[in-house]
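What follows is the residue order along each chain.
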Amino acid sequence: MIIKTVDNVQDAVKGVKDGMTFMLGGFGLCGIPENAISELVRLNLKNLTCISNNAGVDDFGLGQLLHKKQIDKMVSSYVGENAIFEKQMLSGELDVELIPQGTLAARCQAAQQGFPAIYTPAGYGTEVAQGKETREFDGKMYVLEEAFKADFAFVKAWKGDKAGNLIFKGTARNFNPAMCGSAKITVAEVEELVEPGELDPNHIHIPGIFVQRIFQGKDYEKRIEQRTVRTK
Amino acid sequence: MLDKNGIAKRIAKEVKDGYYVNLGIGIPTLVANFVRDDIQVEFQSENGILGMGPFPFEGEEDADLINAGKQTITALPGASFFDSALSFGMIRGQHVDLTILGAMEVAENGDIANWKIPGKMVKGMGGAMDLVASAENIIVAMMHTNKAGDSKLLKRCSLPLTGVGCVTKIVSNLAVLEVTKDGFKLLERAPGVSVEEIQAATEGKLIVEGEIPEMQLN
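Protein chains in written order, with our numbering: chain Z, 871 to 1102; chain L, 3 to 220.
Among the hints, erroneous ones may be present.
As the list claims (entries may be wrong) - Lysine-lysine pairs mimicking DSBU-like chemistry, simulated, CA-CA at most 35 Å apart: (1) Z:K1054 - L:K118; (2) Z:K1039 - Z:K1019; (3) L:K207 - Z:K1019; (4) Z:K1102 - L:K207; (5) L:K122 - Z:K1102; (6) L:K118 - Z:K938; (7) L:K6 - Z:K1002; (8) L:K125 - L:K171; (9) Z:K887 - L:K6; (10) L:K15 - Z:K957; (11) L:K11 - L:K207; (12) L:K122 - L:K18; (13) Z:K957 - Z:K1102; (14) Z:K884 - Z:K1010; (15) Z:K1019 - L:K6; (16) L:K157 - L:K6; (17) Z:K1092 - Z:K1039.
In short, the hints are calculated from the structure, not lab data.
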């Protein structure tokens, strides 16, 4: 067994530098690596490229990094919830590459699994495909999309063990599994860190081989963006 | 003329027994409220759930359980969770039977635009480009005209495209139309709406063959 634990978020993000490319898990504010984001804000790193499906909201998630103008470029599929983002993008202050959500997941997974690129039908005939190689298979057109290259992947899981094995909960799983092992270093934060052997190997979603550092996260806010309920 | 719930109600009749269905944000989300309860249907939300249920009761919201619109939801018996890569795998792999989404513009050749207004609004395409490029059965829920009264059913889309030649059917506040190789074929009129009114609100080629029936909503 290989132990991957680090004591705290400071040790977990060791090696991060200005100008790096980060992958960050989460869909909206669901399943985001809250502890890692707070530390990146505290370190005040600059000129970052962030690959993440969304950009948080104005005062939470990646919105905090945007607010301090730490991000030069975002690669996302949907940014509608963030007014600061839209303002920085329309003014040209922030470079934004908007790509289809499935393509985002596939480019993460390609990096994880050793594919240099993948063909997808998404975006064919649209501005997303401009300048990219296209090819016909069985009468249908596809766009060649390259695997991401990133320095760090920051992911959040529900439970993990010290060997780096991860289990996710509900729809907080989203992009986190495909980002594990997709960057040079994968940092996992978990709500509950347990001893090896405590998690049933049948229930592991991501094996520890894809994770370099794991730590017990704290003070999770788990903010809800749209609280929708029905009455009894 | 239909309101948003009316459009959702009419689209719900397109949902058949045994279908896996992906609902987009906005009017499409309302469709779930009107699907017959004597058929078996599962709703997929691309952020990672099959078997999506209604909103939770107050106090039972779970931050780890949301739909693609970031709304709190529930999971029905038989539901499953999965990651984004597998979710779009089931979409690209055409395992989802029906996709219902909104649009800013649809062209008579089936092109759709719904993600960007250059210089004004850029929210992103989310999963829409993957859905329209992959699904075989795509129904668009939309208003026939914009607030200024201009048609949104066009000869050619003016906005950046989401997908090409992909829309199969449109349910608007005025009509049900099928997208054919020759243009928009009028299938049904909304209650109280005439063929002439639909013609006047449609910029793209409208095909009217024979008597056009009024929609049956119940």
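Verification of the supplied hints:
no. : hint              : verdict
1   : Z:K1054 - L:K118  : holds (34 Å)
2   : Z:K1039 - Z:K1019 : holds (27 Å)
3   : L:K207 - Z:K1019  : violated (46 Å)
4   : Z:K1102 - L:K207  : violated (48 Å)
5   : L:K122 - Z:K1102  : violated (41 Å)
6   : L:K118 - Z:K938   : holds (26 Å)
7   : L:K6 - Z:K1002    : violated (39 Å)
8   : L:K125 - L:K171   : holds (25 Å)
9   : Z:K887 - L:K6     : violated (50 Å)
10  : L:K15 - Z:K957    : violated (41 Å)
11  : L:K11 - L:K207    : holds (26 Å)
12  : L:K122 - L:K18    : violated (38 Å)
13  : Z:K957 - Z:K1102  : violated (41 Å)
14  : Z:K884 - Z:K1010  : violated (46 Å)
15  : Z:K1019 - L:K6    : violated (43 Å)
16  : L:K157 - L:K6     : holds (25 Å)
17  : Z:K1092 - Z:K1039 : holds (13 Å)
When each numbered hint is compared with the structure, violations occur for hints 3, 4, 5, 7, 9, 10, 12, 13, 14, 15.
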